[in-house]
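Make a model of the complete structure from these sequences and hints.
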Amino acid sequence: MTRPTAETRAEALRAMVLVRRFEERCAQLYQETKIHGFLHLYVGEEAVAAGTMPALDPADNVVGTYREHGHALLRGVPAGAVMAEMFGRVDGCSGGRGGSMHLFDTARHFYGGNAIVGGGLPLAVGLALADRMKDRPAITACFFGEGAVAEGEFHESMNLAALWNLPVLFCCENNLYAMGTALDRSEANTDLSLRAASYGMPAWPVDGMDVEAVAATAERAVAYVRNSGGPAFLEFRTYRFRAHSMYDPELYRDKSEVATWRGRDPIDLLVERMVEAGQADPDVRAQVEAEVDAEIDAAVEFAEASPLEDPDELLTHVYADVSADGGT
Amino acid sequence: MSTMTGRTAMRAAMQAALQADERVFLMGEDVGRYGGCFAVSTGLLDEFGPDRIRDTPLSESAFVGAGIGAAMGGMRPIVEIMTANFSLLALDQIVNNAATLRHMSAGQCGVPLVIRTTTGGGRQLAAQHSHSFDGWYAHIPGIKVVAPGTIADFRWMLGPALADPDPVIVFEHGGLYGVEGDVPDTDPEVPLDRAVVRRPGTDLTIITFGGTLPTCLSAAETLATDGIDAEVIDLRSLRPLDDATIMDSVARTHRAIVVDEGWRSVGLSGEVSARIVEQVFYELDAPVGRVATAEVPLPYPRHLEQAALPSVDGVVEAARAAVQGDVARMAIPGRR
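Quick note, the sequences are listed as chains A and B, same order. Quick note on numbering: the first sequence equals residues 1 to 328 in my numbering. Quick note on numbering: the second sequence equals residues 1 to 336 in my numbering.
These are calculated hints, taken from the structure and not from any lab test. Be a bit skeptical, because a hint or two may be false.
As the list claims (entries may be wrong) - Every beta carbon over 10 Å from chain A, so not counted as near; a handful from chain B, in silico:
hint, residue
1, V64
2, M75
3, M82
4, F86
5, W136
6, D166
7, A274
Unchecked claim - Computed spacing ranges between beta-carbons, pair by pair:
hint, chain 1, residue 1, chain 2, residue 2, range
8, B, L91, A, S186, 18 to 24 Å
9, A, E304, B, P141, 46 to 52 Å
10, B, Q279, A, D321, 19 to 25 Å
11, A, A188, B, D55, 51 to 57 Å
12, B, D51, A, E11, 50 to 56 Å
On a predicted model such as this, the values are computed, not experimentally measured, just so you know. Beta carbons are placed, not taken as given, at the ideal position from N, Cα and C, and that holds for glycine.
Spelled out as structure tokens, the structure:
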């Protein structure tokens, strides 16, 4: 495993702070009615994407969920294109068609943005199958929440990936709540790694609030998948600090529970470690925030300046050939 | 010209596609060692091997979704779903993913996938293996829906479906697998979005597709003995619908009935009928008639199943009522 250096720590810190500040800005823009629809923020879970994405190659595929802003940003999708997507503008990474829940950037092998829980897993299996059949060395990282474990598509996909020995890294972001339903209220057996292992693939639980633990485990798992060609499962034990979406009054969990988890803020944990090691000043977080805020300001500006799509274009991309709709 | 059955014609189509394009592969339940539930893919495993003829677990959602993912990844999968009823287990992948990905990603994610599935009744397979959901799927923008009604189309529709950059669902009526028909030896280049006049006529247009095409052609022969010259249109494509061919015919015959093995209520026959009324209302000399399956889950006993499905007699009766302008007889809700 690569040992964390001052440089890798600084990169991880910047990644997490970028996502945190981006999400906080999204919440603010939502209040200002610049962003509409469902908006699911990744605040608290940043270490998962920040630790995992650096382990992937540019040719690897990423399949995300509807809580995927952070994954898109850290996969390299420009913040302006992500923000313009939230604004529903043509310069959004999905042309403004998808919004918050459907970020796509195939040039970066970023395949959504999938808002049906569990629905992205079969796609990941298929992307990996294509790579296998075309003899490409890529792997597919598929992110999903622990709520997906209750879906049949989870089990069907885990089985198929293991049966056909396909290079899929299943990345389960266990934030303990499927919307408002706690894991122990929906699963008879809450040990998700144990259940994944029953499909005959290695499964590693990892502290999802510790970006260095995530990075180390992700690196090991990616190497395993790439070398063996077969699937592996990572369970990131993490927590969502904010509401499920902007409509969630959070009746299902105690404020004290949220406060306890906030005490393990992944950004603070890393900053403490850096300061202790003499790798950063105590005010490093504020410095990085100022840097990323400038980037986010530019992204908002870019999104504001981007035009809305002409309604005459409504039917384009339903089919490859726009005339194919036949007036239906 | 060769003589084939629906089964051997589709097998020849897959064989040719697999030979011509290494991106093409077949996956589904029992398509390999078993040879296909309806023996359509028999022998393909021996010729192409297990990498390209993939037996899947009974996981419709996963293997249809994997087909979508593989299509996005540059392959040209043929996914076989054993029956249309089983396709409902993959509805999430078909409707929420295959149909949406291109539009939702502003054109980045094309899904050049072909789903083949067996549809229709008449084989005493009862209420969970016999239903016709082609009209349901035709409701969904983003996918294309085709249904071969002749053995020639069983042979020659798959190629254009595989060449299409968008997801195409092919509904193969199980009753046609064993039926023999003439098949051209060279590709007639079937257009995926056009209907075709199978029998020209002057007095009435009968619009149908798939498994009820032979029914309607038989009915047309019976009607001819009565002096009624019926034109029979094979839709071939349910999405998109070829309005031009339908309207051109109805504008000439001034009368139309729609024959669909789906249920009548909120179904494809209603859609076609509405389009005729919208587009050529003033050409009509009678209301548009409909013949559809009785509004029941298809029962097992042969006599009840036959009573439920569109029949030659039912089509003949509906056609006569249309020609006579007998609105009371045309509007019988239980008509089949």
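Here is what the structure says about each hint:
For B:V64, the non-interface assignment is contradicted: its Cβ lies about 7 Å from the closest Cβ of chain A, within the 10 Å cut-off. B:M75, annotated as away from the interface, has a beta carbon of chain A within 10 Å; the closest lies near 5 Å. Consistency note on B:M82: stated as away from chain A, and its beta-carbon is indeed over 10 Å from all of that chain's, at 16 Å minimum. For B:F86, the shortest C-beta to C-beta distance to chain A comes to about 13 Å, beyond the 10 Å cut-off, and the non-interface label holds.
At the 10 Å boundary, the C-beta of B:W136 stays outside the reach of chain A, the nearest C-beta of that chain being 14 Å off. Its closest Cβ contact with chain A, about 5 Å, brings B:D166 to no more than 10 Å, contrary to its assignment away from the interface. Distance check for B:A274 against chain A: the nearest CB is about 12 Å away, which clears 10 Å, and the non-interface claim stands. Range check, B:L91 to A:S186: Cβ separation about 23 Å, and the 18 to 24 Å hint holds.
At about 31 Å, the beta-carbon gap between A:E304 and B:P141 misses the expected band of 46 to 52 Å. Roughly 23 Å separates the CB atoms of B:Q279 and A:D321, a value that falls within the hinted 19 to 25 Å. At roughly 31 Å, the beta carbons of A:A188 and B:D55 sit outside the given window of 51 to 57 Å. Remark: the range hint 50 to 56 Å for B:D51 to A:E11 is contradicted by a beta-carbon distance near 40 Å.
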